[in-house]
Amino acid sequence: QSNVTLFGVVDVAARHVKNGDNTLRSLSGNGLNSSRLGFRGVEDLGGGLKAGFWLEHGFNVDTGTQSDAARFWNRRSTVSLSGGFGELRLGRDFTPTYTGFADYDVFGTNGVADAGKFNSVLGTNADTATRSDNEVSYFTPGNLGGFRAQVSFAPSEKVAGKKYMGGRVAYGAGPLDVSLAYGQTTVTPSAGEDKYKFVVLGGSYDFGVAKLTGYVSQAEFANLEMQVANIGVQVPLGQGILRASYIRADASGRTAAGANTENNDANQIALGYVYNLSKRTALYTTVARVNNKAGATFVVSGGPALPSPNNGKDSTGVDFGLRHSF
Amino acid sequence: QSNVTLFGVVDVAARHVKNGDNTLRSLSGNGLNSSRLGFRGVEDLGGGLKAGFWLEHGFNVDTGTQSDAARFWNRRSTVSLSGGFGELRLGRDFTPTYTGFADYDVFGTNGVADAGKFNSVLGTNADTATRSDNEVSYFTPGNLGGFRAQVSFAPSEKVAGKKYMGGRVAYGAGPLDVSLAYGQTTVTPSAGEDKYKFVVLGGSYDFGVAKLTGYVSQAEFANLEMQVANIGVQVPLGQGILRASYIRADASGRTAAGANTENNDANQIALGYVYNLSKRTALYTTVARVNNKAGATFVVSGGPALPSPNNGKDSTGVDFGLRHSF
Amino acid sequence: QSNVTLFGVVDVAARHVKNGDNTLRSLSGNGLNSSRLGFRGVEDLGGGLKAGFWLEHGFNVDTGTQSDAARFWNRRSTVSLSGGFGELRLGRDFTPTYTGFADYDVFGTNGVADAGKFNSVLGTNADTATRSDNEVSYFTPGNLGGFRAQVSFAPSEKVAGKKYMGGRVAYGAGPLDVSLAYGQTTVTPSAGEDKYKFVVLGGSYDFGVAKLTGYVSQAEFANLEMQVANIGVQVPLGQGILRASYIRADASGRTAAGANTENNDANQIALGYVYNLSKRTALYTTVARVNNKAGATFVVSGGPALPSPNNGKDSTGVDFGLRHSF
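Here the protein sequences line up with chains C, P and S, keeping their order. For the first sequence, counting from 1, position 156 maps to 156 in the numbering used here; every step adds exactly one. For the second sequence, counting from 1, position 135 maps to 135 in the numbering used here; every step adds exactly one. For the third sequence, counting from 1, position 273 maps to 273 in the numbering used here; every step adds exactly one.
Heads up, some of the hints might be wrong.
[As the list claims (entries may be wrong)] Derived pair list, reagent style PhoX-like, types lysine-lysine, alpha-carbon separation capped at 25 Å: (1) S:158 - S:195; (2) S:18 - S:293; (3) C:158 - S:313; (4) P:158 - C:18; (5) C:18 - C:279; (6) S:18 - C:158; (7) S:117 - P:117; (8) P:117 - P:50; (9) C:293 - C:117; (10) P:313 - S:195; (11) P:18 - S:158; (12) S:18 - S:211; (13) P:117 - P:197; (14) P:18 - P:293; (15) C:195 - C:158; (16) S:211 - S:279; (17) P:117 - P:279; (18) P:313 - P:18; (19) C:279 - P:197; (20) C:117 - C:197; (21) S:117 - S:293; (22) P:279 - S:211; (23) C:117 - C:195; (24) S:18 - S:158; (25) S:50 - S:117; (26) S:313 - S:293; (27) P:18 - P:117; (28) C:117 - P:158; (29) P:117 - P:158; (30) C:158 - S:195; (31) P:293 - P:117; (32) P:279 - P:211; (33) C:50 - S:279.
Derived from the structure by calculation, the hints contain no laboratory data. Computed from a prediction, not measured in an experiment: that's the story for all the values here.
Build the full structure now, drawing on both the sequences and the hints.
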């Protein structure tokens, strides 16, 4: 019997989403954390060297379906060598540009308040917004006085939207944590440009009574830009934690077809509470409201279609769920 | 390492099915129980409250394929909170109308004698005949003097055939067990009707030398009806159990297109033996014969096409298999 | 908690393949062993009888995808009864004609040097080149003085390319191992013939300082033939093993369309080294060059398209990888 750790999360929620005047009630999930089943292990090779693997499958509790129909091990599929030099990690994994903002979204990029809805690839076919296939990453070791860094590369394998180069540097000391990440993805060219670029500065400070966390990011491709600012707070309250965030998304530039995106701005305000029944099990509720400016079409996930033309209709969502870890 | 139970069934069988004059020999499976791999766990939250999860994947041993190409965790994918109040269970699971008859089929709705072949949705798109996605169920606690009940609800999520409401009440005392279940599914309308309804009364009585078990059910949609009566017996015999059942299916009414279904009746007679090599491992054989009236086209699963037009051809099947649980 | 063994392999590699003038760099895998996750168990039934199951899923570490999109448990899905009589094994598994050559490929039919690229089904739809669905196999017990044999059968289930009958006899004593395997698959008929036949003679001899291993095989269908000879050597060297092989593939006969295949010959030379970091973890590198004669189109897997018309362009590949077992 080998030394394998089996782990997972099951997260299910009742969700109600209103897009303009359309509403949808559903049994949904992934409101606090994404449902998953994983297997991981580490082998000590001696001399400080270790080999490890990590396989993580995402699924939807409400229907029993895979999160990603094409990739069973969609969340992570990696082999690592680690030691005093740090870690070399190979396979499908998060991109540093994703963790660079997701680590500083107080809602953990999950549920109705998910900040990921504003993480635009600007119409490109970049397949690196969250994770990348074929990723080769190096992580610095943990003993650099609070400093940590990651560089990642993925080859194109002759498929547009796959080639990625990125990195992240971060520093943590006591209550403070700051991070800067940058990445670029080679996409199908438009207007002579084939690089989708993303930069994000994130940080958090724990005051004890409350923890402030947030980021500012900028995505750029050809003439298009999207800037996002996210500021959140989490406050320990009773047997749980109160969470709130405010996000602004500011689009600019013209598409290759000449459409002006300046009016595609939006903001979101969200509030939630997590009540811990134990370390592994929690009840939670979140409410989020996306205010779309005239041309913007951001929506709370798991909802009905936005009315078309949208003309600045809002998207509102609330969920109430149960998250259990094992 | 978390407290997770890994469990499963592997069931493989040689099967021979004859439909009219067409025959098919196959390596098949699921003749005694459905093959599956599952993970489940329970956490004690204190104060009598428990959280639990259950993930169960169905597959075919003969080919290594998923039972349900679209849902990996097709058999069950649920999170539960349970306590003195009973159990609240959320996710994909059996419907109470399915367990309401399946619990009283002496062949456990598996193999050549499976009673499920007569469980008609009357041409509707009801996706609730066996299980339902997005199900919210409440189960009564186990200390109600033999009485138990379940109510279940699934939202439509704007998809026809998904919205379900149903429930089941049952009573068990010593050798006796009786159950009544009712459910309705909202389907694509026909002839002004959008409710597919199913009601089933089941029961069993254990005389010691033999256990009688059976049910009567009625499915109804617009002008169509299907009534099924199933009576079975199981007799402990040597290191195993002898099983036999007789099923009558009685169709009535006209389809929206005006076709008369009155002649689509059928009956099935089946006999089988399960030889236990251990508590976990058994050899089994079953033979079943479906006698189709003129317009009926019921068949033993895993067989060749029925001749067309069928004109009352029979379907006969036999399997011989091995079931191993872990 | 049941007595189940969880096991697996994660194998990832950087690979560079050149086909004619086309090149492709990739993060790939399965260079030393195929990545897999499996569950298996054995139950002692008493009296020397045992029941067992084996479920084995193949995947690609680089992308998290299934190896076989249609079959999750593509590598093996079997139930067994075993005892003094040998083993009866039912389900999806290797064919004896596959293990009959794969056991004698010094590169284990994996990676850039994989001998499987020459294992032609001669344009038929035989689905038995590596594994067979619905396989019923008998294996002799292990106490026959070095002699072992397997016979296997799979029914057609009315699908061309599925019906298989084959067997293998082998003898091992000290440093010597020899094996003869034969199988035939019933395929869609062409030129009045519906049997694809494959025969292979393999052997190995361990001299201590080096182990020689190889096989000769012949595939035959209607007027077509493919003969393959593979000779390999493995030499313990330092903390690892040096591997080299030379393969010749000799095509002959005409296709049903009248095309002459005489010129579709090829040979491959390959060299590799496996460096063991532990019993479970290894670094490896392999380089292979396929020399295609005028009409041949054999390629190292995971590469770009061959130029078309190919006109005898070569395929060259090199990988450098990490294999971890658990």
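The hints, checked one at a time:
1. S:158 - S:195: This hinted pair holds, its Cα atoms lying about 15 Å apart.
2. S:18 - S:293: holds (16 Å)
3. C:158 - S:313: Between residue 158 (chain C) and residue 313 (chain S) the Cα gap is close to 21 Å, so the pair holds against 25 Å.
4. P:158 - C:18: holds (13 Å)
5. C:18 - C:279: Given pair residue 18 (chain C), residue 279 (chain C) is violated - Cα atoms ~33 Å apart, limit 25 Å.
6. S:18 - C:158: holds (13 Å)
7. S:117 - P:117: Given that 25 Å is the threshold and the Cα spacing comes to 45 Å, the pair is violated.
8. P:117 - P:50: Cα-Cα ~37 Å, so violated.
9. C:293 - C:117: holds (15 Å)
10. P:313 - S:195: violated (34 Å)
11. P:18 - S:158: holds (13 Å)
12. S:18 - S:211: Judged against 25 Å, a Cα distance of about 30 Å means the pair is violated.
13. P:117 - P:197: With Cα atoms ~17 Å apart, residue 117 (chain P) and residue 197 (chain P) stay inside 25 Å; holds.
14. P:18 - P:293: holds (16 Å)
15. C:195 - C:158: holds (15 Å)
16. S:211 - S:279: It holds: about 20 Å lies between the C-alpha atoms, which stays within 25 Å.
17. P:117 - P:279: violated (29 Å)
18. P:313 - P:18: Within the cut-off at roughly 10 Å; holds.
19. C:279 - P:197: violated (43 Å)
20. C:117 - C:197: holds (17 Å)
21. S:117 - S:293: Answer holds: residue 117 (chain S) to residue 293 (chain S) is near 15 Å, not above 25 Å.
22. P:279 - S:211: violated (47 Å)
23. C:117 - C:195: Distance ~21 Å between residue 117 (chain C) and residue 195 (chain C) Cα, so the pair holds.
24. S:18 - S:158: Since the Cα atoms of residue 18 (chain S) and residue 158 (chain S) sit roughly 41 Å apart, the hinted pair is violated (cutoff 25 Å).
25. S:50 - S:117: With a Cα-Cα distance of about 37 Å, the restraint between residue 50 (chain S) and residue 117 (chain S) is violated, given a limit of 25 Å.
26. S:313 - S:293: Holds, because 8 Å separates the two Cα atoms, which is no more than 25 Å.
27. P:18 - P:117: The given pair, whose Cα atoms are some 16 Å apart, holds under the 25 Å limit.
28. C:117 - P:158: holds (23 Å)
29. P:117 - P:158: With a Cα-Cα distance of about 28 Å, the restraint between residue 117 (chain P) and residue 158 (chain P) is violated, given a limit of 25 Å.
30. C:158 - S:195: Violated. Residue 158 (chain C) to residue 195 (chain S) sits at ~39 Å, over the 25 Å cutoff.
31. P:293 - P:117: The given pair, whose Cα atoms are some 15 Å apart, holds under the 25 Å limit.
32. P:279 - P:211: holds (20 Å)
33. C:50 - S:279: holds (13 Å)
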